[in-house]
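So the chains spell out like this:
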Amino acid sequence: MTDVVTNKRIEAGAADRQPLLEAKGISKAFGHVQALDNVDFELYPAEVVALIGDNGAGKSTLVKILSGIYRKDSGQIYFEGQPVELRGPKDAERLAGISTVYQDLALVDVRDVGSNIFLNMESTRWGIFINFRRLYADARRVIDLLKIDMPSVRVNVGELSGGQRQGVAISRALARGRRIFIMDEPTAALGVEQQHKVNELIANLKREGKTVLVISHNLEHVFTVADRLIVLRRGKRVGTRLKSQTTKEEIVGLITAAVKGDVPD
Amino acid sequence: MELTYNERDKVPGSRRLASSVRSILGRQETGIILLCVILTAFFYSRNPAMLAPTTVVSILRTMAFPALIGMGMVQLMIAGEIDLSTGAMMSLGAVFAAKLIRDAGIPIPAAVACSLGAAILVGLTNAFFTVKVGVPAVITTIGTMFIVRGISYSFTNGLPIYPLPAEVGIIGTWRPLGFSFTFFLALGVMIVVQILLSWTRWGSALFATGGNKLAAQVCGINTDRVKTICFVVTSLLAGMAGMLTMSQLPLTPGDPIIGKNLELHILVGVIIGGVSFYGGRGSAVGAFVGVFFIQLVRSGLVIGRFDSFLQTPALGFLLLLAAIFDVLRHRRDEG
Numbered sequence: 001m002t003d004v005v006t007n008k009r010i011e012a013g014a015a016d017r018q019p020l021l022e023a024k025g026i027s028k029a030f031g032h033v034q035a036l037d038n039v040d041f042e043l044y045p046a047e048v049v050a051l052i053g054d055n056g057a058g059k060s061t062l063v064k065i066l067s068g069i070y071r072k073d074s075g076q077i078y079f080e081g082q083p084v085e086l087r088g089p090k091d092a093e094r095l096a097g098i099s100t101v102y103q104d105l106a107l108v109d110v111r112d113v114g115s116n117i118f119l120n121m122e123s124t125r126w127g128i129f130i131n132f133r134r135l136y137a138d139a140r141r142v143i144d145l146l147k148i149d150m151p152s153v154r155v156n157v158g159e160l161s162g163g164q165r166q167g168v169a170i171s172r173a174l175a176r177g178r179r180i181f182i183m184d185e186p187t188a189a190l191g192v193e194q195q196h197k198v199n200e201l202i203a204n205l206k207r208e209g210k211t212v213l214v215i216s217h218n219l220e221h222v223f224t225v226a227d228r229l230i231v232l233r234r235g236k237r238v239g240t241r242l243k244s245q246t247t248k249e250e251i252v253g254l255i256t257a258a259v260k261g262d263v264p265d
Numbered sequence: 001m002e003l004t005y006n007e008r009d010k011v012p013g014s015r016r017l018a019s020s021v022r023s024i025l026g027r028q029e030t031g032i033i034l035l036c037v038i039l040t041a042f043f044y045s046r047n048p049a050m051l052a053p054t055t056v057v058s059i060l061r062t063m064a065f066p067a068l069i070g071m072g073m074v075q076l077m078i079a080g081e082i083d084l085s086t087g088a089m090m091s092l093g094a095v096f097a098a099k100l101i102r103d104a105g106i107p108i109p110a111a112v113a114c115s116l117g118a119a120i121l122v123g124l125t126n127a128f129f130t131v132k133v134g135v136p137a138v139i140t141t142i143g144t145m146f147i148v149r150g151i152s153y154s155f156t157n158g159l160p161i162y163p164l165p166a167e168v169g170i171i172g173t174w175r176p177l178g179f180s181f182t183f184f185l186a187l188g189v190m191i192v193v194q195i196l197l198s199w200t201r202w203g204s205a206l207f208a209t210g211g212n213k214l215a216a217q218v219c220g221i222n223t224d225r226v227k228t229i230c231f232v233v234t235s236l237l238a239g240m241a242g243m244l245t246m247s248q249l250p251l252t253p254g255d256p257i258i259g260k261n262l263e264l265h266i267l268v269g270v271i272i273g274g275v276s277f278y279g280g281r282g283s284a285v286g287a288f289v290g291v292f293f294i295q296l297v298r299s300g301l302v303i304g305r306f307d308s309f310l311q312t313p314a315l316g317f318l319l320l321l322a323a324i325f326d327v328l329r330h331r332r333d334e335g
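Going down the list, the protein sequences come from chains A and B.
Residues 1 to 265 in the working numbering are what the first sequence spells out, letter by letter.
Residues 1 to 335 in the working numbering are what the second sequence spells out, letter by letter.
Extracted from the complex, chain A is given alone in its bound form:
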């Protein structure tokens, strides 16, 4: 099958690079339901990966293991080649530089953009007073780096559009030195123009050398932003494709099992 050939080519191309994050043989069961079955997973620096699959394919379970919310039953996660144990979201952030951009974005609506980006890491004068001049200047720098359309960093987050809010959440993670950004359905509940902004945001993150993992149902969106697509079906990784070497039809086939996967079901 051509599938296997394609897969080999990807592996050959990747061999000269060390994955930033690697997971090997990840399994997770909830009672009798095997949510993930011996899944390997890897993310390289400065790439955009889309994790796709039908409902119940194991996408969110995998993401929750990577972001430290669930504990895996078996398998091992490596960050820059070193084994890491993710016991909670804090571990994922600090040990593996993984930041999850939650669907509700977890922003403080009653505070301004700058205060949200640097929340709990504000630099102070004399160890007491927040240095607001510096905070807003730094916030502007991060916002401009990602080319986010933001009239002012002193406006309350509650007054922003969906795309801008996503930008603030990403900026906050970027300011904390995170290298892997997990975005769960980033375009859900966004209008066309705002979706476009999110795509630009993802492209700019990649340009800054960051890795983005997008979980999405929206194939249109996935094909716009992703470099590589990983398909899960019933807890197994059934396919990995470079965007440049696949079609929507093939991906849909992999999701629905109309196309035979790379591993036996």
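Derived by calculation from the structure, the hints in this document are not laboratory data.
From the three backbone atoms N, C-alpha and C, an ideal C-beta is built for every residue, glycine too.
Among these hints, one or two may not hold up.
What the hints assert, rightly or not - List of simulated lysine-lysine pairs, DSS-like, C-alpha gap at most 30 angstroms:
hint : chain 1 : residue 1 : chain 2 : residue 2
1    : A       : K90       : B       : K132
2    : A       : K206      : A       : K243
3    : A       : K24       : A       : K248
4    : B       : K132      : A       : K64
5    : A       : K243      : A       : K260
6    : A       : K147      : A       : K24
As the list claims (entries may be wrong) - If the Cβ cut is set under 7 angstroms, some of the chain B residues that face chain A in the computed set are:
hint : residue
7    : R201
8    : W202
9    : G211
10   : N212
11   : L214
12   : A215
13   : V218
14   : G220
15   : I221
16   : F277
17   : Y278
18   : G280
19   : R281
Fit chain B to the known structure of chain A by using the hints.
Frame of chain A; chain B shown alone:
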């Protein structure tokens, strides 16, 4: 590194004055101050004694106690919790210290320290049930309100503890500039708390904890610790206010009735001053002015020769009014 504002983030010079004027006028604090002026004029029209210096000084002296506690309450409410046991804690603070001084012969400073220790214990109890067990703060603190007030009454058999040494009244009878020590203390604490809220990481953590707990936690803020500190500070200020009340009363009795209904005065005042029941919103200045407003209404009803039984329903009415305002504002922000 260059530390200048980007042009877009600057408030333009020509509009700076206009925008600050607008932001001052748009604040709830300003509205309450205006309301205070109108009410004063109304009560003055009923009885000119309203503006007599002794009346003004007396109002400021009386409002100092709830205002002092309000400075803990404003932080607690910004963090998204609430404390209804403050009035009872005032009572226990006073009674416990009085008991130690009169019956155990403990020196006054040591008795004060013990009483503050008891306040910390009550604050930790409130925090434990609310933060660790997950009981809503309203329920927890109604519980401790009854327990603490009950302890206070059984300590004293319901009777004031006196005589106490004359030294107990030193602070209470001190009248700097004709006002009272507690008034200046409350004013000082208000300034400190406002600075904390506006310009420190503590304030930033408070607003985040009450504004969006998940966001605060994502950023590594220990929201449980933040809330616990707020509960303890509020209790401490209540215990302190209780002892200061005792010190100001004639004969300085450790009276278990101290602080009765004051938890409502504080709650209503703080909410009227723009602090939200939903957390994440409020200012120390607003809370202070709100507590002053409530005192103005309470004293004004007496001076304006209204039925004295009107005080309690007025408090209830104002609470509902402030709460409706808060709900509408919350809905607008959510919408």
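Here is what the structure says about each hint:
With a CA separation close to 20 angstroms, the supplied pair A/K90 and B/K132 stays within the 30 angstroms bound. The hinted pair formed by A/K206 and A/K243 meets the criterion: a straight-line CA distance of about 16 angstroms does not exceed 30 angstroms. Pair hint A/K24 plus A/K248 holds up; C-alpha atoms about 27 angstroms apart against a cutoff of 30 angstroms. Annotation: proposed proximity of B/K132 to A/K64 holds, straight-line Cα distance about 25 angstroms (limit 30 angstroms).
For the hint linking A/K243 to A/K260, the alpha-carbon distance of about 18 angstroms falls within 30 angstroms, and the restraint holds. For the suggested pair A/K147 and A/K24, the alpha carbons sit about 35 angstroms apart, so the restraint of at most 30 angstroms is broken. The beta carbon of B/R201 is positioned within 7 angstroms of a beta carbon in chain A (closest approach about 5 angstroms), and the interface hint is therefore held. Below 7 angstroms, beta-carbon pairs count as interface contacts, and B/W202 has none with chain A, the closest being about 9 angstroms; its hint is therefore violated.
Against a cut-off of 7 angstroms between C-beta atoms, the interface hint on B/G211 holds, since the closest Cβ of chain A lies about 4 angstroms away. Annotation: interface hint on B/N212 holds; nearest CB of chain A at approximately 5 angstroms, less than 7 angstroms. Restraint check, B/L214 versus chain A: the minimum CB separation of about 4 angstroms is within 7 angstroms; hint holds. The interface hint given for B/A215 is met, as the beta carbon of that residue sits about 4 angstroms from the closest beta carbon of chain A, less than 7 angstroms.
Hint on B/V218 holds. Least Cβ distance to chain A is approximately 5 angstroms, under the 7 angstroms limit. Restraint check, B/G220 versus chain A: the minimum CB separation of about 5 angstroms is within 7 angstroms; hint holds. Interface hint status for B/I221: upheld, as the beta-carbon distance to the closest one in chain A is roughly 5 angstroms, under 7 angstroms. Annotation: interface hint on B/F277 violated; nearest CB of chain A at approximately 14 angstroms, more than 7 angstroms.
Given hint, B/Y278 at the interface with chain A, is violated; its Cβ is 10 angstroms from that chain's nearest Cβ, farther than 7 angstroms. Interface restraint check for B/G280: the shortest CB-CB distance to chain A comes to about 5 angstroms, inside 7 angstroms, so the restraint holds. The restraint placing B/R281 at the interface with chain A holds, with a minimum CB-CB distance near 6 angstroms, inside the 7 angstroms limit.
This entry does not satisfy hints 6, 8, 16 and 17, going by the numbered hints stated previously.
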